[in-house]
Structure formats: structure tokens, C-alpha cells
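A.B. asks: The chain contents come next:
6 protein chains.
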Amino acid sequence: MLLENLAFPEVEAYLKEKNVILIPVGSVEQHSPYGLIGTDFIAAECIARETGKRMGIMVAPTLAYGISPHHMAFSGSATLMPETLILVVGDIVKSFLSHGFRRIFFINGHGGNVNSIETGLQRLKADNYPGIFGMISWYDYPEMVDIGRELFDGKEGSHATPSEVAVTRCLRPKEFGTKATIELEIEKPEHHWPLSAEEMRQFFPDGRMGSAPWLATESKGKMVIERSVDALEKKLRKIIAMPLADSSKVQK
Amino acid sequence: MLLENLAFPEVEAYLKEKNVILIPVGSVEQHSPYGLIGTDFIAAECIARETGKRMGIMVAPTLAYGISPHHMAFSGSATLMPETLILVVGDIVKSFLSHGFRRIFFINGHGGNVNSIETGLQRLKADNYPGIFGMISWYDYPEMVDIGRELFDGKEGSHATPSEVAVTRCLRPKEFGTKATIELEIEKPEHHWPLSAEEMRQFFPDGRMGSAPWLATESKGKMVIERSVDALEKKLRKIIAMPLADSSKVQK
Amino acid sequence: MLLENLAFPEVEAYLKEKNVILIPVGSVEQHSPYGLIGTDFIAAECIARETGKRMGIMVAPTLAYGISPHHMAFSGSATLMPETLILVVGDIVKSFLSHGFRRIFFINGHGGNVNSIETGLQRLKADNYPGIFGMISWYDYPEMVDIGRELFDGKEGSHATPSEVAVTRCLRPKEFGTKATIELEIEKPEHHWPLSAEEMRQFFPDGRMGSAPWLATESKGKMVIERSVDALEKKLRKIIAMPLADSSKVQK
Amino acid sequence: MLLENLAFPEVEAYLKEKNVILIPVGSVEQHSPYGLIGTDFIAAECIARETGKRMGIMVAPTLAYGISPHHMAFSGSATLMPETLILVVGDIVKSFLSHGFRRIFFINGHGGNVNSIETGLQRLKADNYPGIFGMISWYDYPEMVDIGRELFDGKEGSHATPSEVAVTRCLRPKEFGTKATIELEIEKPEHHWPLSAEEMRQFFPDGRMGSAPWLATESKGKMVIERSVDALEKKLRKIIAMPLADSSKVQK
Amino acid sequence: MLLENLAFPEVEAYLKEKNVILIPVGSVEQHSPYGLIGTDFIAAECIARETGKRMGIMVAPTLAYGISPHHMAFSGSATLMPETLILVVGDIVKSFLSHGFRRIFFINGHGGNVNSIETGLQRLKADNYPGIFGMISWYDYPEMVDIGRELFDGKEGSHATPSEVAVTRCLRPKEFGTKATIELEIEKPEHHWPLSAEEMRQFFPDGRMGSAPWLATESKGKMVIERSVDALEKKLRKIIAMPLADSSKVQK
Amino acid sequence: MLLENLAFPEVEAYLKEKNVILIPVGSVEQHSPYGLIGTDFIAAECIARETGKRMGIMVAPTLAYGISPHHMAFSGSATLMPETLILVVGDIVKSFLSHGFRRIFFINGHGGNVNSIETGLQRLKADNYPGIFGMISWYDYPEMVDIGRELFDGKEGSHATPSEVAVTRCLRPKEFGTKATIELEIEKPEHHWPLSAEEMRQFFPDGRMGSAPWLATESKGKMVIERSVDALEKKLRKIIAMPLADSSKVQK
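Protein chains in written order, with this note's numbering: chain A, 9 to 260; chain H, 9 to 260; chain Z, 9 to 260; chain F, 9 to 260; chain D, 9 to 260; chain Y, 9 to 260.
Treat the hints with caution; some may be incorrect.
Given that identical chains are not distinguished, each listed pair holds provided it fits within a single copy or across any two copies.
Unchecked claim - Within a straight-line C-alpha distance of at most 27 Å, the following computed DSS-like cross-link-like pairs (lysine-lysine) qualify: (1) K163 <-> K246; (2) K61 <-> K182; (3) K246 <-> K24; (4) K242 <-> K61; (5) K243 <-> K102; (6) K196 <-> K243; (7) K246 <-> K102; (8) K24 <-> K182; (9) K26 <-> K246; (10) K182 <-> K26; (11) K196 <-> K246; (12) K196 <-> K242; (13) K26 <-> K102.
Hints in this document: simulated from the structure, not taken from any laboratory.
Values in this document were obtained by computation on a predicted structure and should not be read as measured data.
My request is simple: use the sequences and hints to build the entire structure.
C.D. replies: Okay, here's the thing in C-alpha cells:
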């Protein structure tokens, strides 16, 4: 049920039954010498598509690029500016609304995107666009809180985490032959967010933030994916069950 | 230590000792028939100034207007668009940076502002501006979590809360003679954020969101202020003690 | 009749009788070693509120920050960029229009704001927003022309003027204990407006522009306020009496 | 000395001697049934070029389109939005600055442009661009104040004025064969600026604003041009004689 | 039939018969030591006006300034930024649409403008503005392809071409007394478009791009104009004959 | 050699050898009942990656969404606005430039993107960014001109072409089981570009533009891909061999 593989009459048919669509969004940014530059969008895409398959809901093409200015001192990272992503979010939601979608969710794989996506959604509501718009980060449900402790010995950290590295390792195992494997000290320098690119590299010289990505394995990745899909399905079912506002009742 | 009451040589003198400045930011939006339209900026200003006085740090003039599109179906509310507040935040931080301030904190009184202010700060870091930039909502420290239960019988809700109404009642008691006092049912309709103005009024017809503002009293307001100032001071002292990044050490 | 102290049903009630609102706007900029950084918004706020009280019309929260790029070489000044203030003006006027306000006036305390505010108002009319929108600078009525000669020996100048310093001295006398008092030469170097921050500091090294702020006294400040409120009331009564355009009569 | 007729080595040669350039700017808007839609740019171009010829200073190509939203209910009017003209002004001034021009003047023919052009110039100074930037409206010198009384019986009004119609009549006499000639009542309805397109047409149904354009003659047009060129020359000579700021002296 | 010479009732009368308007657009940029800085707008204006005269269709005032960042290392060039021209195009098309024009054509004289003008037109269609919007470069019809070979010995090149220099030489012969005449080598360095200003000057040090502008003569200019007007007329007649879309038939 | 599968030290290593990167860009838009909504980005991604593999050059993550406002009357299409894509292009090129890439090519699969991408690249050169920036549409080389005639009986058309449908059919054969197969009349209604969404659907009711997508087969798709990769390789080798400008030689 990927939008990209349909023809327009198939979308018309879907819209007679449902009005939900998921849009995976990630980033193109370094994930330390242990992880892939595409980690965030690869993970978000996988979890959105897996959930879409289970629930019979449509998944739109992935937004690979996100907000990563703080990673720009590491080669290969690419960033949109916040004002750009705000526009992208607005353009895409307005596009899907015009066809009749009314429950539109960005399935997010990168913390740096949160403010911009939510600002974009808030902006649409300021123009009174109808429907339920949401952003859900796949790693950020209550059900995911304990995963670092359970699977990774409390060494989850906050960037290049063993969870996300495990997910991509499970999905693209062959790519990890050339990646770092050595175990290092885990440092947690005091710092205040947001950081500039220069500050990020100074505080976190190898791109990890308090994490132990060497603990990531394919099998743990499979467990992370499953747990996240379960949690996302549960969360989506709850939101999708909410009624849409009925503008005829507005009392002004 | 209000910036507005100084002359420029006094600011120069301050900057020889310190580089911290607090900027209160609120909103101009309905707070139900029980509360003041200025609630958010009045509270943020009070708590920022009280904290500034205790800590001997400078407080800039207040930004009264914030992001309130969802309140626009209630008379008297005024909203900036997110792109506007993002620019305002950028202009003001760049202004203070140019004089040598390096620890710049928005003391926020309104949840709707969070994404825009944080996007504004993230944007500055994308241009590599140096220093520590933060946004702290006065009601959102760990220390404040239990206040609803302790003081307001668990009926804090999320808009026109008894906490914020109590703060303003403590500060401007005379203004409450004309406000509602009747006790109502507390409803918590299911809804998904963000809401448009029309949706907000439909779900929350009198502008409260699950709150019991009639429980607000002057004396409880005094307690809320004190607890918040304590918590803000503690939080600021911790952040101010963090070292600034040393750009000469960046390894790229 | 301050908007910030009302609840939304009180605004609804007001709008059944009247459709006027005043919005004070100032700046956060140096006013020489003799005057307060907040001079412009403190004065505009006072005069708007005093006039609102006399006339029974509503006054919105103050916009403290304005367009002050030319003062940025003096510590403590903060400036919005013109495009930012244009957006702020548009957002706020559109907000008040949506509730039914139709006579909306910015009461201005800073010459640098004039072009941006008027551009913002012109922009709204380009989108055919209905109503009377105005910007009135409190020091710029015919009635105020002679005040420099009468009260300040012709040494009014054009920045850090004795008039505005007297107004703030009257309002916040305690803040002047730490300000300069020495009498200086009054220089009027030839210059062409607009100036950059660097040029401003070069031409006017202590931030005054041809003025004698040491002549400001509390009692003269009281006289300036009274005269300005008289003049503003007269001007507003005249404009408010003008009929609104009747769009049903447009002949296109 | 029109820039458009030079090759780049000729501009290089000019810049070894002088750094002044004039840029005519007008509007494309109705001027009642008595006047030309191009009135404002035709007049500004003539007066700028005449002055340039006399003073041996360069004149850039004319900006025909300006800010005319209030005239859009009259066929043939075309308007830029203020944000567009602000960008145009910035782009052009930055272009000429890059070659070494340092005294750059917009010679303006339309009141509606004033705020946007001045905002554009103020914006450049906020970025510390060096040089003297000015906007001079050809009809707005002290020397021009009495011309309405002297030549047109006090019936100058404020749009489609006999002065500007006379200027274009002098320059393009053949175009006036098809224009209105009848004498009408001069009405001066009370109104508050700015007006929307609809309001403008309602208050001023034939596009004149308090003026008697039927009084315009070729010979009076010649007198208006001469007087304006005299005044502009005088004003420019004064400004051009002002020294440029010396950034090495800035004291911050 | 120049819009600038009409009064609004004459435009109303025209619109009862026709809905076509031509808008000449050029650039202000160096054309080597052999050609005029105004070449592009002078040529576009001439060909648009000549075609308008023949076909009885209206011609709007000329947009002299275009997109010339790559010429900025040559004195006298002035450039708009692409975002500026996109806005200008949008503002002007929307203006003419509001009066009832429905076939609106930019007659273009500069290759650098093409992307921005077409982006501006595409943007209008994204907002569903009705009508036929086009951009036609006067030198870019099939009929013009062979002109370089026929008239200029295959030495047309791509900037400061003998065609465009001939057109301006025909129109403003007196301006060529001070221009270069010497015959040079024609070099065609490999390069990839777009170039920056610095790269342009490095690759093409005298501002020509593979052209022999010394071959331009007045009589050849006359031939170029005639051929281009013929071709433009033919092209316009074909487009003008196309029916406008009938929005009542849209099937969605 | 996909960027998304590398860690940052691998990118650093690549940059010691090469400075080329390819960025596939497509659209999310209807391709008639015969083709996939993802056609444009699926094809561009395939051809870019295939070419990158052959040449040993890096390929960045795909930009799936493009400029498709004219397809918005067909369900499932999603469009960016031109100003959004211009920003996206700028952000991504600046990101890769910051790491040392100097030959950056968008491999494009959608005609509607051309103006916006080229405007974005032109804008970067206006700010003097160094390097060679290009946009190459995979279907638009001289070598591809005859493919419609050779493989598809001259029925290539201009949207939902048998070429692009064949490419995706070759890549994702299983998705075509649910697509249309019936042979229709090929109509070529006269129309003028650009079209609005409503106009597009009126002129081309089933979303094809003069094409016969039923002629697409997997084996022909393979041939199209091979020919396009050959041509793209040839074109890229030629451009990559061009020297970069040497800014030290600029003569201004």
C-alpha cells in the first residue's frame, strides 16, 4: 500500500474507504563511524511501511532530508534549514488534504526535525485546514522507554543509539562490513541544546552522544522494529478513532 | 536590573561582569471567563523579573504577543504567525549577541510558543552563532509537576489552569472583580493537537481545557510564584555554570 | 480598559459598543547616558493608556521592540528587522479585525518604526482588509511642535530629546539616580539618513542627536504627557468620527 | 549620461571621477480620465535625466512599476506588493554599491512608494552597507510647496494633480487628444489613509483626489519641470557635498 | 497602444474587445565594450512595441532590470535576485488579471531571466489563476536560428551577440561612437552554466561569449528586428487563437 | 556507493579522491491509470544509481517530491511549491559544498522541476558559491530523442510516456497487475503551458499527454535504462573533465 506504486484511480478507491496516510521523514546525517548516514530515514521508512502494511493504510514516499545543522562538521551530512522543512510539511499536507485525506501523520526518525514539523502543522491549523495532523517519532513512545535498559545495558544515549543502529543493521546487514566495531568509553559531557556544528564536533568528537552503537545486532534490531511497530499501531488506532471536528457546530 | 531602565553605559558595565539575559515571552489570548487575556505574559514577566532580581541578572523587555491561532475564535486573542515569532526570536538574540551577551534565555509562559521559539534558536545555531540559547517555560520544571495535585485537587488541566490564574490573581487582584467564579463540570474531550480556532472552540466552548480556574486564589498564586522562581533559579544556575564551547578546539 | 486585564466575554461586550483599539509600540534602544533604553515604549505606553482611559477605549499590550539598527553600536539596544515588524503589524491587525475591531491605531514612540508600520498597514489594504488603520507618533502632532522651544530652550534635537527623557523621568523618577547629568556642547553634524550602526556612533558618539536631555525634569515631563494626551485625544476623536467605507457602494 | 547607453569600460571611467547615480522610480496607475497611466514614472524619469544632464551625473534605467494597490479598482493600474519593491530596492542598491557607487538616490514620482523605498534603504543600513542612500520625490521640496497656489489656483489636490499632468502633457502632448477635458466639482471627502482599492474607488470615483487636472497645460508643465529640476539640483548638491562616514573611526 | 499613455477609461474600452497584453523585460548588464548596458531591455521593448503596433495589442511599461548575477564583475551591471523577479512577475500578472486581461506575455530579451519568469508563471498556475501566461524571448524562435549564420558569419555566440548589438545600433546609432570596434579572436572556452560573477569574468574577460559584436551594423539590426517581429507576430497569433480553458468543464 | 549507506569517515575518504555527487530528484504525481505515482523519482533514482555504480561516484538520497501543481486534480499527486524546491536545492548544495564536493548534479526525472532547480542553482552562483552545479534530466539527451520513434511507434507524448512507464515496469513489474492496459485514442489538444490543475484535467482527462503508455514493456524499459545510463555517463564524463574556475585569476 505504497502511494508510489499506485495509479490515481487506486488512490481514489482508497479514499472512498479511508482517509489516513503516513509520511516517513528522516535525516541525512552522520551517525558516528558505527552507523549509516541514512539511519534516520531508513528506520522511519521501515517502521512506517511495516505499520501501514499491518493496518492497511497508505504510506507516502519518504522525506529523506531533515534538520541536521549540528551535524554539518561531519562529512556527508546534509541539512535543510527549518524554514525549508516547514514549507515542505505545509506543501505536502495541503496536497493530501486536497484529495480528501484527513488523518495525516509524519512518522519521524530524527529528533532535530520535531520543532520544524510541529511548527509546520501548527501553521496549517492557523489557516484553519481541517483534519488531524500528527508527528510521531518511532523511538518516542512510552513502550520504547525501557528498551535501552533491556537490550543495551542502559547505554542507549541520544545519538547513534544502539537501537537505531540495530534497526538499520537488521535492514541492511551488508553495509556494516566497513563500519567501526571497537568498544569505546561512553562520555556524557555537559552541554546545552541546541549546538552549532562546531560546538557539536567539539563536545562529541566521534559523533556519538553518550551511546554504545557497538552493541547493535541484527536480532536486537528486529526486536526494536517489532516493538516500535506494535506501539505505533496502538497509538495510531487510538488517534484514528478520534472524531474529526464538525465545523458546523463551531459556536462563534 | 531591568534593561529598559538602564542607560547604555550601565549595560556596558554589566557586560564586564556577566553575560546572561532573560527575555520574558507570553501570549495575548483568552484564558476562559475566569482569567486574564494577558495571563501568559504577566506570569512569565513576573517570574523572570523575580528570578533576575534574586540572581542579579538582567531582564529584557517582555514579548507580550505569542502563537495563539487556536484561540482566535475567542474575542480579544491576538496571534503572531510562527514565521513571525521565529524572526522576532532571531532578531532579538542576534541583537544581544552583538553586545557580548552569551547566555540568553527566553522565559516562556505559553505552550503554543515552544516550537517557534525553539525553531528560532535552532536556526541561529545553523548559522553558527556562539553561546548558550535556551527557552524555559516557567510551569514546566520537574518541581512544578505535583503542584496541580497539591494545590488544586488534580484539576490543573492544560489551559486557563488554576496555577496561572492564581499567579495573575496574586499580581493583579483588582482585575478579578469582573471575572467568572461559578464552578463547572470539568470535561476532557478527546482531541488531537494542534487544533484550529474553530476546532478549539468546538471542543472547548468556554476556553478552559480540563481545568478548574475557580480554585485559583491569591495566596496559592504566591506559592506558585515562589516555587517556580526557586525552580527557575536552580535550573539557570546549572546552565549558567556550563562552559561555553571553545571554537578554537573544533577539530574539523 | 487594558485588553490584558480582561476576559474574553468582556471584550465581546466592548465590541457591541465600540470598535477602537490602541496598540502602543516603541523601541529598545539607547537614549544616551541620560535616558532609559526603554524610553520609547515607556512613553508610548503611558500616553496610549492615559488617552484610552480618558476616552474609554481599549488599549492592547505594548510592542516594546522596534526598528533600531542604527543604535546597535551602543550596548543594550535590540532591533527587529523591518520585515519582522511588518509581519508583526500584519498579524496583530488581522487578529483584532477578526474579532470586529475596525479602528485600529498604533501609538508610536520611535521614528525608526514609521516606515515599517506604515508599510505593514499599506500591505493590509492591498489585501482589502476593511477598516481604518493608523499610526500616530505621540510627539508628532502640530500641537507638539513648539514644545522644544517653550520648555527646552530650543534644544529638543532628534534623539534622546529632553521631551522624551522628561516623560520617562516623570514616570520612573527613581531610575534616574544613576544617569548622566552633566551639560555638554550640542553638536549637529551634517549627516544623511538612514545611518548604519557604525555611522551613527561615528557621527553621534554619545548617542544624543542635537539634544539637551539634561534639561528634562519630572514636572516638564508631566506637561509633555498632558499636552500629548490632549493632542492625541483630539486627533483620535476626529478620525474615529470618520465613516467607514461601505463596500456595497464600490462601483467597479 | 544614461547608464543604459554605456559600455562597462565607460562606467569604470566614470567611477574614477564620481560615485553618484540617480534611479527614477514611478508607478503604473490610473491618473483619472485626465492623465496618463504612466504619469509617475514619465515625470520622475524626465526630472532625473534633466538633472543628471545638468550635473553630469549618471542616471540608471527607470523603475516604472511601484506600489499602487489602492488604484487597482481602476483598469490598467498595476502594483507591486511592498515586500517586492523592498527587495527590488535592495537588489539594485547592492548592485551599484558593488561597483563603487556610494551616493545612490531614487528620484521618486509616487507617494505610495515612499514607505517601501525608505524601508528598503533602512534595511540596507541594518546590514551596514556603506554610503549615502536617499529617496527624493520630485514634487516634495520646499520650493514646490507653493506651485499649486501659483499655477493652479490652489487646486493641486493629491492625486492626478495638475502639476504632474502638466509635466506629462509637456513631455507627451500628442497623447492628450483622447483624454478628458471637462471641468468638474472638486470634492474632498474625509478619509483616512491608507485606503484599499475598493475604498479608494468609493471615496474618489473618478480617480482624482481633490485636484483639477484640467488646469494642466504644456507651458505650465515646462515651468513645473524647471522648478523641480532646480530644486533637485540644489538638494543633491547639498547631499553630495556631505562627507561619507569613515568606518575606521567607529568607536565601539 | 502603450498602456503608459492611456487613461483608465481607454483601458476599459480596450478590454471590451481584447484581453492581450505584452510586457517587455530585459536586463541591465554589460554587453562587452562593444554593446550597451541596456541592450536587452532596449531590444525587447522595441520588438514588443513594434509587434503590438502591428497587431493592435497593448504593451505595458518595460521591466528594465533582470537576472544578471553572473555579470556583476563588470561595472554598471545591476541584478535582481531570482526570488525578486519571481515576485515582480507574480505581482504584475495578478494586476493585469484583475482587470480582465487573460492572455499575458512577457517579451523577453535576456536568457538569464528565463527560469525566474517561468517559475513565476508556474507559481501563478499553482494558485489556479485563469488565462494563458507566456514568456517569449525575441531571439529564440525557430525563424531566428539561422540568422547568425546568414548575417554574421556564424559568429553569433551567446552574449553580446552581433544580433542584439545590431538591434540597439539600429535604434540608438549615436550611442555607438564611444564603443569598441576592434576585431578580436573568438574564443569558446569550455565552461558549465551557471557561472558566478567571478567565474564569468575569468572565463570571458571582456564580457563577450563567443561572439563577434563588431559585425553589428544598423542595417543588419533593421533586418533582425523585422524578422523577429514577423516571427513574434506569427507565434502570438497562434497562441492567441487557442481557446481559454473552461473551468465549468473540469471533471474532478 | 550510496551516501545513505556510508559512515562519515568513508565520505571523508571518498572526498580525498573525488568531488562528484549525484542527487536523484523526481515527483509524486499521477502518471495516468497506466503508470505509477512514483514514476519520476523511481526512474531518476534507478538511472542515477546505475550510473554512479558504473562510474564509481557517490549518489545521495533521492528527493521524491517535486513541482506538480498541474497534476493536483488527480488523486494522490503531491506538490512542492517552486519556492520550496528552490530552498531545498540551495540547502542541499550548500551542505555538500561545505564538505568539499565541487561537482554536484541533480539527476532529474520530471519536467516540471526544471525551472525551480535551475533557479536554485542560479541563486547559489549569485552568492558566488564555487564549483560546477548541474541539472540533467535522464530523458533529455540528444541520444534519447529517437527512442519514442524506435521503441514506441512515435507515440511517446509528453506525460505518462511509454519510456518512463517502461522503466518503472522493468523495475517494479509486480505493481503493474492492477494498472490499466486498454489501448486508447491518442489526442493532442492545443494548449499553452503552464496549466493549472483544473486546466490540466480539462485538457487531459485521463492524465496522459499524447502518449501510449500501454506500449511499455519490461524489456523495452531495460533498453531505455541502458541507453539513458550510457548517455548520462558520457555527459557526466565530459562535464567532470571541465576544470573548475580558479578564483585567484579573477581580474576585477
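A.B. asks: Work down the list of hints and note, for each, if the structure agrees.
C.D. replies: For each hint, the structure was consulted:
1. Taking the closest pair of Cα atoms, K163 and K246 come within 27 Å of each other only across two copies (24 Å); inside a single copy the shortest separation is 31 Å, beyond that limit.
2. With identical chains, the CA atoms of K61 and K182 are at most 27 Å apart both within one copy (25 Å) and between copies (16 Å).
3. When the C-alpha separation of K246 and K24 is checked against a cutoff of 27 Å, the pair qualifies only within one copy, where the shortest distance is 21 Å, while the shortest distance between copies is 43 Å.
4. Taking CA atoms no more than 27 Å apart as the test, K242 paired with K61 passes inside one copy only; the shortest distance there is 14 Å, against 41 Å between copies.
5. When the C-alpha separation of K243 and K102 is checked against a cutoff of 27 Å, the pair qualifies only within one copy, where the shortest distance is 23 Å, while the shortest distance between copies is 37 Å.
6. Taking the closest pair of Cα atoms, K196 and K243 come within 27 Å of each other only across two copies (19 Å); inside a single copy the shortest separation is 32 Å, beyond that limit.
7. In this assembly of identical chains, the alpha carbons of K246 and K102 lie at most 27 Å apart only when taken from the same copy (23 Å versus 36 Å across copies).
8. Proximity of K24 to K182 under the C-alpha cut-off of 27 Å is restricted to the inter-copy arrangement: shortest distance 24 Å between copies versus 42 Å within a copy.
9. In the homo-oligomer, the alpha carbons of K26 and K246 lie at most 27 Å apart inside one protomer (15 Å), although the nearest pairing across protomers, at 46 Å, exceeds that limit.
10. In this assembly of identical chains, the alpha carbons of K182 and K26 lie at most 27 Å apart only when taken from different copies (24 Å versus 38 Å within one copy).
11. Taking the shortest Cα distances, K196 and K246 sit within 27 Å of each other only across copies (16 Å), while inside one copy they are farther apart (37 Å).
12. For a Cα distance limit of 27 Å, the shortest separation of K196 from K242 across copies, 21 Å, qualifies, whereas the shortest one inside one copy, 34 Å, does not.
13. For the homomeric pair K26 and K102, the shortest alpha-carbon distance inside one copy (17 Å) is at most 27 Å, but the shortest distance between copies (36 Å) is not.
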